[in-house]
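Undergrad: Listed here are the chains, written in short residue letters.
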Amino acid sequence: GAVVSQHPSWVICKSGTSVKIECRSLDFQATTMFWYRQFPKQSLMLMATSNEGSKATYEQGVEKDKFLINHASLTLSTLTVTSAHPEDSSFYICSASDSGRRSDTQYFGPGTRLTVL
Amino acid sequence: EDQVTQSPEALRLQEGESSSLNCSYTVSGLRGLFWYRQDPGKGPEFLFTLYSAGEEKEKERLKATLTKKESFLHITAPKPEDSATYLCAVGDSWGKLQFGAGTQVVVTP
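One line per chain: the protein sequences are A and F, in this order.
Numbers 1 to 117, taken from our numbering, label the letters of the first sequence in order.
Numbers 1 to 109, taken from our numbering, label the letters of the second sequence in order.
Rather than coming from a laboratory, the hints here were simulated on the basis of the structure.
Mixed in with the good hints there might be a few duds.
Stated by the list, open to error - When the alpha-carbon atoms are kept at most 30 Å apart in a straight line, the in silico BS3-like pairs for lysine-lysine are as follows:
1) Lys96/F / Lys42/F
2) Lys41/A / Lys69/F
3) Lys59/F / Lys79/F
4) Lys96/F / Lys20/A
Bear in mind that the values here come from a model prediction, so they are computed numbers and not experimental data.
All chains should be modelled from the sequences, with the hints used to inform the complete structure.
TA: This is the structure we're talking about:
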């Protein structure tokens with residue numbers, strides 16, 4: 001149980017284009033999902049908290065107009081990197097908490113490797 | 001400000017050589033101490049959640065313990081497949097996690 005998927009697993013795009021990453025909870029419902037980015041040899045940095053049916057909450061320093069988050073259902077959140085540039089190249093990982101359990105445990109997806117040329 | 005510090009940064013073990021990883025934290029309103037394992041190029045895999053001092057949890061060769069200021073992840077008789085980066089994170093009242101930098105463990109045959 002508690003499986004989270006991400007799609008795509010990797011993507012290469014040209015500078016200036018937009019890229020959408022999907023995060024799905026496969027066997028549970030998630031009122032809240034989280035988006036992280038991870039640079040090589042570094043730990044995970046929280047970018048934003050995605051809440052079903054409401055606006056996402058962004059961490060300090062994260063541009064909300066650049067990283068658009070939509071959480072349209074209890075099993076799907078999407079992250080769109082708009083007008084991507086090489087410095088946006090990173091490993092993006094989502095996580096979700098099971099709304100049906102009394103637990104704050106986050107279950108992570110396999111990650112999406114974004115390379116912007 | 002909340003802080004999570006993991007030590008050592010890296011650990012090289014012989015197969016069967018037991019050891020412990022440390023995670024010290026300062027956080028207001030702790031809502032759980034979490035341990036994850038991360039393999040290269042993959043997302044973190046959940047291992048344990050600890051909520052109160054004195055709590056212990058075990059899974060195969062891993063055992064996690066919690067005090068008021070730190071947590072330990074004990075690896076007993078490790079095997080090469082235990083090689084990974086082990087991440088510690090603390091949860092706050094908003095459900096957000098703050099991660100430590102991780103401990104990279106390499107177990108050689």
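Undergrad: Each of the hints needs a verdict: does it hold here or not?
TA: So, going through the hints one by one against the coordinates:
no.	hint	in the structure
1	Lys96/F / Lys42/F	holds, 20 Å
2	Lys41/A / Lys69/F	holds, 26 Å
3	Lys59/F / Lys79/F	holds, 14 Å
4	Lys96/F / Lys20/A	holds, 23 Å
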